[in-house]
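Chemist: For reference, the chains in residue letters:
2 protein chains.
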Amino acid sequence: MRAEDLDEKFPVVKIDSAALDAVRLLAEHRLNGLVVVTDTSETPFAVLPASQVVRFIVPGYVQDDPGLASVVTESMADHAAEKLSGKTIRDMLPKQRQHIPVADADDTIIEVAEVMARLRSPLVAVVKDGKLHGVITASRLLAAALKE
Amino acid sequence: MRAEDLDEKFPVVKIDSAALDAVRLLAEHRLNGLVVVTDTSETPFAVLPASQVVRFIVPGYVQDDPGLASVVTESMADHAAEKLSGKTIRDMLPKQRQHIPVADADDTIIEVAEVMARLRSPLVAVVKDGKLHGVITASRLLAAALKE
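Note that the protein sequences, when read in sequence, are chains F and D.
Quick note on my numbering: the first sequence kicks off at 1 and runs consecutively.
Quick note on my numbering: the second sequence kicks off at 1 and runs consecutively.
In case anyone wonders, no lab produced these hints; they're calculated from the structure.
Treat each hint with caution, since some may be false.
As the list makes no split between identical chains, a pair holds if one copy fits it or if it spans any two.
[As the list claims (entries may be wrong)] Only pairs whose alpha carbons sit at most 27 Å apart, straight line, appear in this in silico DSS-like list of lysine-lysine:
#1 Lys131 <-> Lys83
#2 Lys128 <-> Lys147
#3 Lys83 <-> Lys128
#4 Lys83 <-> Lys9
#5 Lys147 <-> Lys87
The structure presented is a predicted model; accordingly, all values stated were derived computationally and were not measured.
Just chain F, same shape as in the assembly (with noise of 0.2 Å):
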């Protein structure tokens, strides 16, 4: 089994596109990240892990003292997503490029999660021919593993 017979099609975003573009692709279809691609290019730019995309809503002095958390009511809470309006997908990646956790279409299971693994990554993008082939997720991998 190689990795372009295990991946599967996830919605990919834009660099330059609307960050709760991005919230509600992941709230909908229940995904825990998307790969993200520039205007460009079809080769995956970054993977956004829906854990992180949750930090932007909270609030900057709660980031730099999780103890003011509490303080904030659960009116204000329940408006959270507000926060990101006007903010692109850019705008939510780390300042510096990060390793990007991306395996060839022929790769082996272990090559995928070894890459998974070492990044801690939700998900790994499948490059076949320079594009995105499709996504593979941990529990798709752990399912294949499983498969003997």
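Here the structure of chain F is known, so what remains is to put chain D in place on it, guided by the hints.
Modeler: This is chain D only, laid out in the frame that chain F set:
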């Protein structure tokens, strides 16, 4: 909205149960992580992200030298889950006890989001009266933040 209004029932695993059972649960239910409890308590002991379970199907020599992943043949790779037989959940947890992504039943979504983002966890366990009440995933939290 409070954490207990948002959480969902999730399978729970006991710390001394078979590692393969956890892999099966993650694979069959397509979960991004599991809550681990001890035999004597219903309080969460740890959260085991699926991406970290994946590490245990990677041979030790590949973890030490990722370049060796390419020498693992396809037929060896396809039997990856066999490495887990005989192991328990406890064997898959980090040796040093880690911060547990946990929230109280009456926490706001900002408090849940703060914990999730800080610990980079795909899920947060919600505790009420000392017992596990449910689990909140990142995508579930984002869906709640969108509903205004």
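Chemist: For which of the previously enumerated hints does the structure constitute a violation, in increasing order of number?
Modeler: Structure breaks hints 1, 3 and 4.
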